[in-house]
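Engineer: Since chain P is already given, all that's left is putting chains Y and D on it; use the hints.
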Amino acid sequence: MSNALTLLTRPVSWMPEARRRQLGMAILAAFAVTFPIWHNNDADIDSMANAASYAVLALGLNIVVGFAGLLDLGYAAFFAIGAYTYGILTSFQVEPAWSQFWVPFQWLGLVAQMPAETGSGSVVHFTLSFWLALPFSAAFAAFWGVLFGAPTLRLRGDYLAIVTLGFGEIVPIVVRNWSSLTAGAAGLNGVAAPQLFGWSFGVDATPYYYVAICLVALLMFVSIRLRDSRIGRAWMAIREDEIAAGCMGINLTRFKLLAFAIGAAFGGMTGVFYVAKLQTATPDMFGFPVSVMILVMIVFGGIGSVWGVVVGAFFLQLLQSWWLEDLTGWVDAFGRLVHSPWLAHVDLVRSIELIFGFILVGMMLFRRDGLIPAVRKQAALSFDQQHAVVQRGGFADLKLQGLGGDVRTGAAALEAKGVTVRFGGLTALDAVDITVPNGSVVAVIGPNGSGKSTLFNAITGLVPAEAGSIRFHGEEILGLPPHEILRKGVARTFQNLRLFTNLTVMENALIGQHARLTTGVFRAILRLPGTLREEDAARIWAMEIFAIFGNRLAPRVMQMVSGLSYANRRRIEIARALASRPRILLLDEPTAGMNPAETLELAEQIKGLNALGLTVLLIEHKLDVVTTLADTVYVLDHGEVIAHGRPDEVRRDEEVLRAYLGRNAQAAAAGVTV
Amino acid sequence: MGMLLEFRHVDTYYGDLHVLKDVNYAIEEGEIIALLGGNACGKSTTMKTIMGVVRPARGQVIYQGQPIERLPTAERVRRGIAPVLEARRLFPRMTVFENLEMGAYLRNRGPEFDQDLERVYSLFPRVKERRDQIAGTLSGGEQQMVAMGRALMARPKLLCMDEPSMGLSPLYVEQVFDIIQEINRQGTTIFMVEQNANMALSIAHRAYVLQTGQVVLSGTASDLRQNPLIREAYLGEMQVAQPLV
Amino acid sequence: MTDTALFLQQLINGLSLGAMYALLALGFTLVYGILELINFSHFNVFMVGSFIAMWVLQMFGLTGQDVILTGLPLAMVLLVAFVATMLGSGIIGVLIERLCLRPLRNVKGPAAMITTIGVSYILFNFILLTAGAENLNYPNPMPQIQYHIEGAVLDLRVVLIWIVAVVLMLALHFFVQKSRIGKAMRATAQDAEAARMMGVEVDKVVVMAFFLGSALAGAAGLIFGIYYNFTSFIIGFTAGLRAFTAAVLGGIGNVPGAMLGGVIIGLIEALGGQIAGEWTDVIIFSILVLVLVFKPTGLLGRMAPNKS
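Chains as they are written, first to last, in our numbering: chain P, 8 to 681; chain Y, 913 to 1157; chain D, 38 to 345.
Hints listed in this document are in silico derivations from the structure and should not be mistaken for laboratory results.
The calculated BS3-like cross-link candidates involving lysine-lysine, where the alpha carbons are at most 30 Å apart (straight line), are: (1) D:Lys241 <-> Y:Lys960; (2) Y:Lys1069 <-> Y:Lys1040; (3) D:Lys241 <-> Y:Lys1069; (4) Y:Lys1069 <-> D:Lys215; (5) D:Lys145 <-> D:Lys332; (6) D:Lys215 <-> Y:Lys1040; (7) D:Lys241 <-> D:Lys145; (8) P:Lys424 <-> P:Lys495; (9) Y:Lys960 <-> D:Lys145; (10) D:Lys241 <-> D:Lys215.
Covered stretches of chain Y (in silico footprint by chain D; criterion: 3 or more residues with CB under 8 Å from a CB of chain D, positions within the stretch not fixed): (11) 989-996; (12) 999-1007; (13) 1014-1025.
In this text the structure is predicted, and so the values were computed from the model without any measurement.
Just so you know, even glycine gets a beta-carbon here, dropped at the ideal spot from N, CA and C.
Isolated chain P, as found in the complex (with noise of 0.2 Å):
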């Protein structure tokens, strides 16, 4: 069991095919190193490059609609803004006037000093570089992405999508109205082409094939490294259930502005490429359509892969440039053969994006997660595990440090006074007072619709007390977003279960560990050691964790969280949040569903955590289940407390019967009450 452990916690894989993996890679990467050097053709290589750009364009979108499930209509306008950053700069469109700010920059090489075409005085150049111009741009677009994200922060997908789409055309019809800036529709002319050591790029198309190639390598790389990330695993469950993704300590804002931030950078990095590629730009280089056909590339190779959009991004775009043109050679002459009028004139090329509509209409419609699907590794089972026999789970032989540990002193670990939470005309929540003392099992009973997971979600900040104070360990945390609440230690689970249902087992567990992980983009695409050893630490404690359901969760670590059982996925909720370490778990129903024998399991598991040290908050109804637990019970009704005390006194208590089963004023006074 020690090796498929060991086995289980490398983050990186070490399993056969990966030699196969990276032999496949070398032959790619000598294909296209040597590419240009035995098929000579300049237009050619042109057209190569050109796909690169847009597979960078394709990555870019990638990151936020595939990681993030961002829907961005308005791509483009990232496209626009590095390029125009560059292509401004660089040709001079800009003059401003000399004075002495200039001359630090011109002692930095970034502008020159050049006498005015009309009067006298001399005017600022901008000597910026490309290869600086690259980093600058990326910067700048990622400014952007911040101020155009930051609007949709709250709206649902599709209106999402719709303001995006708005930015997205707003901007080039600025870039071609302000033409003082710009030189509006007839486009920036003399975009300097980038110069290395001296030598001037030129109009061959070889070296910006290679530049291209080498944006597309590093930002794939870049790409990768995210997406198997503490980043990546955030955004993934953003775009799984932003809900959960929140109370798992998922700062929503921070990463979801992350997303349009890097998006953003690629497009505006690929800018400032294509533009000094071609020497000019133009306004209609960068509209709707554009945005459009970046999310066909995508849609086409599959969302979220990141192999999958750059290969979707080549075909299609080689597809326009090479591929058409014969084929509708071919098309011709099959028309002529069977004497179609119709089909001997078809023009492919201009039909273009009807093939995209097509396209979009058709993945949609048959294969929604695109020619290379975003794969979720999912490992074989090893020997031991497919062998392994199921077992109640234990807490021999576990050191769960971080976990629990808090004493039974008396003082209260949560302490709610006054809660009042009201939706619109109806009071869900009146005036409530609930205290957990730490160390203990505090349970929270009471009929449908009595208020129970409303106040777990007023105790974890998903909706607003209109009164009250709730204090965690003497602070109060009313009034908090969600992330925070969990990062000071409050962490749940959901009575309907808002699982990561595209993701394993493990990186749901991983997520749980979100905020007590502490990596960040850099760290996460330089993966430094430090990083390595967070995630391996990650692992093994996601184990440990899993270890407590004995052998129900473990054996299935590297399985989608989709095809599992309901009470196992009833068991990874809670999995999800004890690998928050948290001080107090609030579980909403943790037995709903499960047969005796698996309500039996939950119960005495329940019970070992407690015993570790671990206050609980529990939502039950299963009597039998509160009665061995509990230490306080409350009984909610209609959104007020109307009992609490001990399970056998409140078990007995007239109140909670007629709760229960119903008040029926005449039944009572003709003395026949249930």
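Structural biologist: Below, chains Y and D without anything else, positioned relative to chain P:
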């Protein structure tokens, strides 16, 4: 009186969650049958299975001697099954009258429609008063009246009510249950899912008690009223095989 | 022109444009109200509608504005053109729903919306490839009768447009309020599951919504041709943006809202066009973005969202 609706060995799943387990009901014409049980026991799923929103994986639903489990919802309504939905679910931006009209969607206008409208107005005078008011502006109790009236406009043989007392003040609960009895006296069979066991048993002829998808108790209302096991079924105690330490 | 005359003229223009945008927005909002789907293809159905109308008018031997008709022949020709266009567009809409959207009815996420982008592209490019990129002279049999009011010119065409728009909007209003299927549509938009339990066949209601919405788009297409005396493959995009903003401004999913929004946007375009010229597009896009971000329910409010 004949058998109006039967469930025979019905099993229903949501995904792989086994929501109804080998469930059997028998509802005879003219009866008021109550389906009782605590949270998440399968009551709503029973209602959805009768209406055709959910299909059973196994078993049969027999209505007037015909199996209906594969029939679409519209057809079941046409044959005389009408629902009063949980939390009413009136069409909030239509008037009370338009909501009643929608209840008779599958029927033609004519003398029978007018008769039924009159009947609803006489059972629910408040509804008549408010017939041009926008349904979303009514109180919970008034909406429940409209919802019942809407179902009656289908001239059903079987009226399926899902939690009629939910969210109502005690005063309205009394009224609603009185009217349910009246409707039954006028000849409609009633199948009622209800959490409020006391109220339900005060007007029902027979009842079933569900717990986690299985029928754990059944019998006449008077028998069940005296049965202490109902309390345990509601509070989730019925299925303990051995006591937990 | 004096200032009042200029203002009056732009008011007339604005109301004409507004009538067209209102019809377009109405059709769009009918579908959104029931399916909560942003149907991008709607605006290219409008464009295709204008071409269908053009072909129908050409079948009558009309080309350009040379052949003028009056009285009964004029009325008949226009009637046939409108009916044929609306029927044709309606059928296209139904085909789009059946073939491309119904299979995706239960798929969560943007799949259906992306599909409508694809359909939009297909319609757009099909017309581009068959009819070319040039503006086509629109057959217009209407006589050049003009009324002068306070220095502003009121063309007979404009009067026709107003009449047609008002008639269609009233007809739709009555249909949705009074007819059986109309009520079923409203009920389905408010609570689809409850409607199903009343026996409503939701699939049929959706088809009807697409048919009506697309028919209105087609009528708007013919109106475009008569008003501007031209049509081209690109009109869907430009008019579509404005109609879409109109629907959102009025309250997406809200029928009177679409009409109100249409008129407002028409007036903004006419009056603002004088002032802002090429920046009109930016203004309209900005209105769209601002409404969605700050008041997504629009001026008259919209239905409570069913999707979360």
